[in-house]
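S.K.: The lines below spell out each chain.
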Amino acid sequence: MEKFAPVKRSEDGLPVRYLIVDDSVFARKNLARMVETFGGQVIGEAGDGISAISEYERLTPDIVLMDITMPQMEGIEAAEKIVRDHPGARVVMVSSVGYQENIVAALQRGARHFVQKPVKPEVLYEVIKYVMRDDATTAKSAGAAV
Amino acid sequence: MRMDLIQPFINSTDAVLAQGLESSIAIENLSMEEEVYRRKGIAAEVILSGEIEGRIIFDVDQGTAVQLASRLAGVEVSETGEQLMREAVCELANQIIGNAVTTLNDQGFHFHVRPPTLHTSEQGSKSSEDTEALVMCFNTSSGNVFMNVALRYLRLAAAERVALAK
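Top to bottom, those sequences are chains A and B. Heads up: the first sequence runs through residues 7 to 152, numbered per the working numbering. Heads up: the second sequence runs through residues 70 to 235, numbered per the working numbering.
Same shape as in the complex, but just chain A:
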């Protein structure tokens, strides 16, 4: 996979911590591999919206990558509940279904951005930099010391 300069948290320079939510284990593993190439750390995974909410409470990640179409509770509803309880939460929707109304609904309910599957690493990287831009520093080079 292509090399990316690590995206780090501005407050302490530590890796960005991710919660990955998708009913597909395969999709979760793919996203995990991708964010790890960005210098990130996957601190939790969930397979549906209800688990996503409880895992967010438990882990308070820096970013949530959230699928939309999931059993039990869909991602947009879960994103809304997370952001309602944690206004600073950064939720990025990741879905193969990119309906305009879905994107608008997700953003209106508090999601910060939307990425359509299949996810291109360079696209997700720019979205993460954008979402973290107020809080993260990007290392000037892959070999920059912390």
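Derived from the structure by calculation, the hints contain no laboratory data. Glycine included, C-beta positions come from ideal geometry on N, C-alpha and C. Please note that the accuracy of each hint is not assured.
To be verified - Computed footprint of chain B on chain A, listed as stretches where at least three residues anywhere in the stretch have a Cβ under 8 angstroms from a Cβ of chain B:
| hint | stretch |
| --- | --- |
| 1 | 12–18 |
| 2 | 26–40 |
| 3 | 49–59 |
| 4 | 116–126 |
Add chain B to chain A, keeping to what the hints say.
M.R.: Just chain B now, with coordinates in the frame of chain A:
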């Protein structure tokens, strides 16, 4: 079956598999299926409901599934990695069909897509008068993949209603 309904599935299959496998794909065969659907290997089914309803089955034989899962996961998957292969096929189906229905949604069709499920039966329902089944075979660098599309219109799209009213 109308080409404007099928073309998004062809386009999204091409886009998703080409990106995932980093190689071009080709349509091997297109045919209307009247007989009962018979599973070829690992199959994922997606149900649509709304203005267009029906089901789409993404079907991959075992050998192709091993190669697809290995390429997409970035690790070697053996024939015993059944769970990972099933997950890979389901996720591919999700991406291909999701992209296709997004295009159809942009064209004015509105419907709900359920998450893909494994189609474990050896055979499925037969196509009927109002539910044609189109079988597409795509040739990829990892082998052939099949898509069985059985959809029917419940309502005319908005533009067609307007046109008919004039």
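S.K.: It remains to establish, for every hint, whether it holds in the given structure.
M.R.: Now the hints, each set against the structure:
1. 12–18: violated (count 0)
2. 26–40: holds (count 8)
3. 49–59: violated (count 0)
4. 116–126: holds (count 4)
In this structure, the hints that do not hold are numbers 1, 3, in rising order.
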